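The chain contents come next:
There are 2 protein chains.
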Amino acid sequence: MAKIADTYFRTDPWKIIEEGFDPAHARVSESVFSLANESMGIRGCFDEGGSADSLRGAYINGVYDALPIGRSYRGIIDHTHFMIPAADWLLTRLTLDGETLDPGRSDCREFRRELDMRAGTLTRTFVWHTASGKALRLTFIRFLDMIRRERAYQRIVMEALNFSGEIGVVTGLSFGLVHEGYGRCFWGETRAEARGNRLMLQSVTLASGQEVFAGAVTDLSGIPCAEGKEALLTGTVLLREGEPRRLDKRCVILFTGRHGEALWQAGLDALDAAEAVSPDEALVAQRSWWDARWATSDIRIEAADDSSESDVAAEQQGVRFCSFQLAQTYNGGSMRHNIGAKGMTGEAYNGHAFWDTESCCLPFYLFTDPRAARDLLLFRYNTLPQALERAKMLDCKGACYPIATLNGEEACSLWQHASLQLQPSTAVAYGIWHYVHVTGDTDFLRDYGAEMLLQIARFLAGRVGRGAQTGKYGFFGVMGPDEFHMMVNNNAYTNYMGKRTLAYAADVLAGMRETQPEAFAALAAKTALAPGEPDEWRTIADGMYIPVGGDGLIEQHDGYFNLPHTEINEIPVSEFPLYDHWSYDRIYRTDMIKQPDVLMMLYLYNASFPEEVKRINYDFYQPRTIHESSLSPAIHSILAAELGKMDEAVRFFGYATRLDLDNYNRNTREGLHTTSIAMAWANIVYGFAGLRSDGERLRFAPRLPERWKSLRFSVVYRGRVIRVRMEREGTAFRLEEGDPLPVVIADRDRTLTREELFIPRP
Amino acid sequence: MAKIADTYFRTDPWKIIEEGFDPAHARVSESVFSLANESMGIRGCFDEGGSADSLRGAYINGVYDALPIGRSYRGIIDHTHFMIPAADWLLTRLTLDGETLDPGRSDCREFRRELDMRAGTLTRTFVWHTASGKALRLTFIRFLDMIRRERAYQRIVMEALNFSGEIGVVTGLSFGLVHEGYGRCFWGETRAEARGNRLMLQSVTLASGQEVFAGAVTDLSGIPCAEGKEALLTGTVLLREGEPRRLDKRCVILFTGRHGEALWQAGLDALDAAEAVSPDEALVAQRSWWDARWATSDIRIEAADDSSESDVAAEQQGVRFCSFQLAQTYNGGSMRHNIGAKGMTGEAYNGHAFWDTESCCLPFYLFTDPRAARDLLLFRYNTLPQALERAKMLDCKGACYPIATLNGEEACSLWQHASLQLQPSTAVAYGIWHYVHVTGDTDFLRDYGAEMLLQIARFLAGRVGRGAQTGKYGFFGVMGPDEFHMMVNNNAYTNYMGKRTLAYAADVLAGMRETQPEAFAALAAKTALAPGEPDEWRTIADGMYIPVGGDGLIEQHDGYFNLPHTEINEIPVSEFPLYDHWSYDRIYRTDMIKQPDVLMMLYLYNASFPEEVKRINYDFYQPRTIHESSLSPAIHSILAAELGKMDEAVRFFGYATRLDLDNYNRNTREGLHTTSIAMAWANIVYGFAGLRSDGERLRFAPRLPERWKSLRFSVVYRGRVIRVRMEREGTAFRLEEGDPLPVVIADRDRTLTREELFIPRP
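Chains as they are written, first to last, in the numbering used here: chain A, 54 to 815; chain B, 54 to 815.
Hints were generated in silico from the structure; no laboratory data involved.
Fair warning: this is a prediction, and the values are worked out from it, not measured in the lab.
It cannot be assumed that every hint is accurate.
Pairs count within a copy or across copies, as identical chains cannot be separated in the list.
Straight-line Cα separation of at most 20 Å, EDC-like style, residue types lysine to aspartate or glutamate; simulated pairs [unchecked claim]:
(1) Lys187 x Asp333
(2) Lys68 x Asp448
(3) Lys698 x Asp422
(4) Lys667 x Glu808
(5) Lys445 x Glu72
(6) Lys762 x Glu809
(7) Lys445 x Glu280
(8) Lys525 x Glu620
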């Protein structure tokens with residue numbers, strides 16, 4: 054855990070601020086200053102491009118291309134897909150006295166970049182001093198419309214500081230962006246038109262055949278030109294000294310599933326509609342959207358009198374940055390998308406969504422925006438056909454959800470992950486259970502959840518084995534969440550999650566059969582459910598092997614306890630990450646684990662295990678974990694807090710909120726750890742407020758870290774907004790909306806109402 | 054074991070005969086009619102090429118090229134190498150009345166092809182009927198010189214049956230052969246010259262930079278032409294009805310490690326030398342070479358009166374074919390080469406040598422040609438630097454020998470094999486021990502063996518782990534010989550081979566230190582041997598975990614006994630081979646095993662285990678083995694014979710000798726199972742004669758199958774030739790050369806002399 058902050062941005066409660074431009078941090082800044090509106094995302098790259106180090110990335114959620122990766126054995130994918138850079142709508146060139154602005158080379162001073170998390174805007178300003186002695190203040194503002202998701206806005210404000218005269222401006226759109234990793238552009242034949250102050254492009258991805266329309270309408274008057282994959286407008290703007298001059302560009306990026314002329318026409322219509330709204334009006338609406346969002350999702354932290362105010366201010370900023378990025382990346386605007394491990398902030402991980410969605414991100418949405426949680430699960434429903442197909446590839450029935458995907462197909466080319474990790478499927482089942490348990494949305498269960506559960510249970514029932522010696526059921530040849538052990542048998546996590554999934558699926562179907570016989574009959578017919586199947590699932594669930602010792606210590610998998618011990622504190626820091634410094638095979642044969650496995654299960658089904666079991670397993674596994682997954686520390690922090698190990702809880706919390714702001718993993722340049730930062734929210738709400746949502750009632754067990762004076766947040770729960778204010782003296786709970794709610798606080802039954810309930814610290 | 058013969062060739066004691074040409078068998082025939090002389094090999098393809106299905110393959114031992122395969126994790130290779138087709142020296146085109154001979158399309162009758170195993174010649178004859186009504190008998194004869202390994206001979210005999218007139222002939226050399234698997238030619242810039250009746254080419258491989266000279270001198274008079282990668286001679290031959298006309302082409306293929314002009318000059322000299330010998334003289338020498346070879350390696354089988362003579366004749370032919378192919382592929386002419394799994398008979402397995410060399414092929418050479426056995430081990434010595442490098446890649450010290458290689462570098466791109474299988478290294482150690490044990494060649498041990506053993510032991514000592522619970526040493530995260538289980542712990546085979554290797558290495562060094570202190574000091578200095586290292590090896594060997602139960606049943610690896618059971622007889626035959634029909638991951642999670650693992654260890658260290666242990670393990674593992682390795686049945690047959698299970702022994706022997714002749718695995722088209730056929734020899738000598746070479750003395754335990762009247766073979770042993778004649782009534786032993794030899798026959802001490810010793814059947 055020798056991760057060290059690389060402090061670069063200024064601390065501010067609502068903003069991320071960069072003062073002065075450091076080329077060495079260019080890509081980190083690009084990642085941190087990423088904007089998104091769920092439908093599309095853009096890295097914080099310079100509108101005007103130039104020679105500074107940059108990963109120019111403008112992405113569209115759900116837009117990808119595919120490449121073959123060679124055929125090997127059956128059940129191993131032979132092609133993969135990945136998010137590709139799409140339309141570059143920022144394209145801008147400025148020329149003054151024959152000099153073209155290039156922040157990487159030009160003399161630019163007073164550089165400042167600001168991300169305003171209350172408005173979702175990115176503002177960059179600096180003064181360009183030309184070789185000819187002219188000084189021009191430039192301010193670039195951009196935002197992606199959170200309401201009309203196809204719209205993007207660019208504003209350039211130019212103020213001549215010591216001259217009057219003309220500046221040359223080129224503004225444009227391009228489908229020519231190159232995927233840096235693969236070194237090529239994945240856009241094919243492009244229709245390009247430029248007319249008056251309008252630019253229009255439509256292109257198609259090479260292999261996946263997805264069509265996208267991009268259009269822009271700009272204030273600039275100039276000569277339109279459309280050629281190849283670009284549409285450009287070239288003009289001049291007359292500047293008068295001291296009079297700021299504004300140039301607005303309204304863009305539309307349309308990815309609808311429509312093709313050809315139909316898409317083109319829809320694009321033109323969308324452009325008309327965008328032109329009818331002024332950028333200022335759009336900005337006002339944008340702020341309102343974020344105001345409403347923050348009202349339910351904000352977490353406020355105050356520093357204790359005796360602790361460092363700046364440290365806590367940094368944590369406050371970090372927590373808001375996490376919530377901001379999550380809301381940008383996903384808020385249920387579409388059920389065609391999921392949450393990429395890096396959102397839409399870079400090429401790393403190919404834009405793929407992992408099992409992190411259901412295991413790590415779902416709680417954030419469940420308690421801040423349940424509709425979005427539902428839509429996330431509907432993505433899995435919509436991709437059930439792909440999961441059925443994948444199970445077939447693996448010689449199984451039912452549905453096997455992918456380890457990594459954009460479109461529902463398995464995209465992970467490492468067979469040892471794609472074929473051996475069953476947790477994506479059990480995580481979907483867990484997510485369904487958790488969602489229904491928290492929201493009470495039984496309609497969802499009937500219409501979508503039951504079918505997914507049935508197919509997942511069917512897959513598990515086919516994949517399970519039976520120990521020849523023990524006669525117990527278990528999963529053989531798997532990799533659990535801890536990816537430092539593979540091809541193991543009876544991984545406790547996998548067995549337990551399988552057991553719960555099978556039992557839940559059987560329960561759900563039994564319930565439906567009883568109370569909704571028609572829906573049940575329809576589902577049984579659709580899925581060709583054999584009469585004995587749910588019974589078989591229950592038999593397997595009952596006979597599932599869970600390796601708990603008499604003292605409650607759970608063996609991670611068969612033989613784990615006999616693995617050679619590695620003292621992880623003796624591994625030199627220079628050898629991390631191990632994947633880069635150790636021979637691949639060497640990682641897999643000691644008791645060192647990458648991320649919580651047994652502990653993950655104790656976190657997910659927290660209410661099902663007594664404290665002593667959590668304690669003995671935490672004490673055993675925590676010192677064996679090296680946290681090469683960024684979600685690992687938060688899980689440990691939450692369990693540490695539950696077990697009263699507050700120092701450890703705070704230590705593990707340490708970098709969770711500022712993982713990317715302080716570039717702890719030194720790879721923020723590649724993009725943000727979007728799903729990991731979801732765990733920062735959980736770290737506070739589950740960890741320090743002790744929220745538990747897997748028992749009969751909501752539970753709280755507040756444990757305020759010493760360094761904080763107060764912590765305030767809200768959770769949305771079944772039509773209520775629960776306001777929580779933790780202070781040193783105790784915790785106040787109040788319902789903002791809705792009926793009284795029975796909960797458990799610090800192990801005692803309580804009822805929350807619109808009146809504040811203050812529970813003094815024990 | 055539902056393998057079925059595809060009977061196609063005619064049975065003959067010394068020949069392989071094809072009568073009539075069946076296009077569906079074209080590639081199978083090409084494989085079976087492969088010729089080699091250790092330095093080079095050629096498939097039985099038609100000299101004149103044409104449209105018939107063909108894998109035109111002419112190979113040179115040790116000539117390969119390489120391709121990158123993408124970087125993944127540390128310790129996983131990022132490029133691989135593979136045998137490539139080299140100079141095509143058969144190139145011939147015949148034209149008569151404007152019609153070009155193409156056996157795939159032309160009217161060819163009375164087709165017959167014969168491989169003569171006493172001469173190493175391939176003869177093909179047929180009558181070509183042209184559209185113009187002419188009939189021409191053509192006979193193509195080829196052989197690769199077993200004495201002057203750079204020489205190859207082609208003879209074409211043309212007899213006009215119903216006309217006199219001219220026939221157009223093109224003969225040539227080409228470096229233009231395309232590797233079928235990769236779809237490209239791996240030969241680069243080529244120097245080509247044609248002068249008089251001489252053709253000369255020199256080319257270089259694209260990535261590995263190996264240079265090869267190819268030259269030919271021919272009887273044909275014509276117009277020489279050299280262009281690109283070809284050198285051709287185009288002429289005409291006047292035929293007179295009824296008068297056969299012969300065209301001889303003497304070729305030289307030179308691969309010496311020399312470059313440029315030096316190689317060219319050496320090539321010209323070699324061509325001069327070849328021209329000085331008539332093909333008929335060469336053929337006489339060739340026959341003598343084979344006579345001498347057969348004198349020590351032939352196995353003769355007679356059918357019992359009450360058994361099918363044709364079945365036994367087929368076995369006789371099969372056994373000879375095995376010995377013939379082995380001697381062709383390797384006979385110790387060079388220690389730069391090893392034995393490819395498919396010899397030089399096709400592209401499959403990339404020409405790579407596997408651990409089969411030491412585990413399966415070595416005994417054949419040990420007892421028929423010990424010098425060749427030594428040279429095989431010297432290949433490992435010569436590639437020790439690559440093995441040291443490979444160990445480093447795996448974060449280990451010492452030497453790790455490759456799973457698959459041509460040049461000593463690991464070429465297996467499947468990390469799970471390349472990184473987890475330790476048996477290539479322990480097999481080399483076993484081979485050294487076996488060689489020294491059988492031959493008494495302690496010079497070899499001192500000069501080469503000790504250094505290899507030291508480095509292998511060092512590797513094992515670094516790779517071994519120590520069970521946290523048991524405190525015992527063992528190998529964790531490995532794949533044993535049974536490739537249906539991977540990433541297992543305490544694989545019994547690996548642990549036991551490691552234990553024996555470590556103990557043997559320590560013993561050898563201790564012996565050297567005592568008796569050859571100077572050699573020891575030199576070795577210790579060269580290898581920076583720490584004083585405590587051999588002691589550490591002994592500690593590990595003593596503390597190695599060998600999972601033997603009280604009843605002697607050995608668990609293949611930790612947890613094997615609890616794996617779900619698969620009833621292998623219930624798997625439909627249509628699902629074999631499983632790699633092609635089962636999802637890759639599915640293969641790895643049952644108790645089904647691919648090939649002997651525990652039984653392999655009982656075979657290799659046969660004298661170290663009591664019969665009861667062999668019996669209980671045979672009875673347990675045999676029904677769990679599906680033999681997806683072609684060496685599997687022979688091992689089972691040998692152990693079954695030892696345990697008196699003669700019916701099973703004969704059943705497993707069933708297809709061993711005719712694996713390729715009858716295309717049992719339906720993949721002979723890709724090439725011969727060269728290393729597997731080595732096991733056919735062992736199957737007879739170890740199986741039915743009960744030879745054991747791992748105890749104090751040589752042991753025999755003859756068990757003649759009922760269907761045989763007699764079995765005769767010889768083994769070479771420490772300067773002696775032991776002639777063995779097994780008959781129904783008993784077995785006769787006689788030394789042809791050398792001093793009396795104490796042996797054990799049927800558990801009784803005996804002494805072999807020049808007088809026949811007859812041991813009646815008990």
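Comparing the hints with the structure gives:
For the identical chains of this complex, Lys187 and Asp333 are neighbours neither inside a copy (30 Å) nor across copies (94 Å), given an alpha-carbon limit of 20 Å. Taking identical chains as interchangeable, the C-alpha atoms of Lys68 and Asp448 are never at most 20 Å apart, the minima being 51 Å within one chain and 46 Å between chains. For the homomeric pair Lys698 and Asp422, neither the shortest alpha-carbon distance inside one copy (31 Å) nor that between copies (72 Å) is at most 20 Å. Proximity of Lys667 and Glu808 under a CA criterion of 20 Å is satisfied in neither setting, with 35 Å inside one chain copy and 80 Å between copies.
In this homomeric assembly, Lys445 and Glu72 never come within 20 Å of each other (Cα to Cα): the closest approach is 54 Å inside a single copy and 46 Å across copies. In this homomeric assembly, Lys762 and Glu809 come within 20 Å of each other (Cα to Cα) only inside a single copy, at 19 Å, whereas the closest approach across copies is 102 Å. In the homo-oligomer, the alpha carbons of Lys445 and Glu280 never lie at most 20 Å apart, since the shortest distance is 46 Å inside one protomer and 54 Å across protomers. In the homo-oligomer, the alpha carbons of Lys525 and Glu620 lie at most 20 Å apart only across protomers (18 Å), although the nearest pairing inside one protomer, at 33 Å, exceeds that limit.
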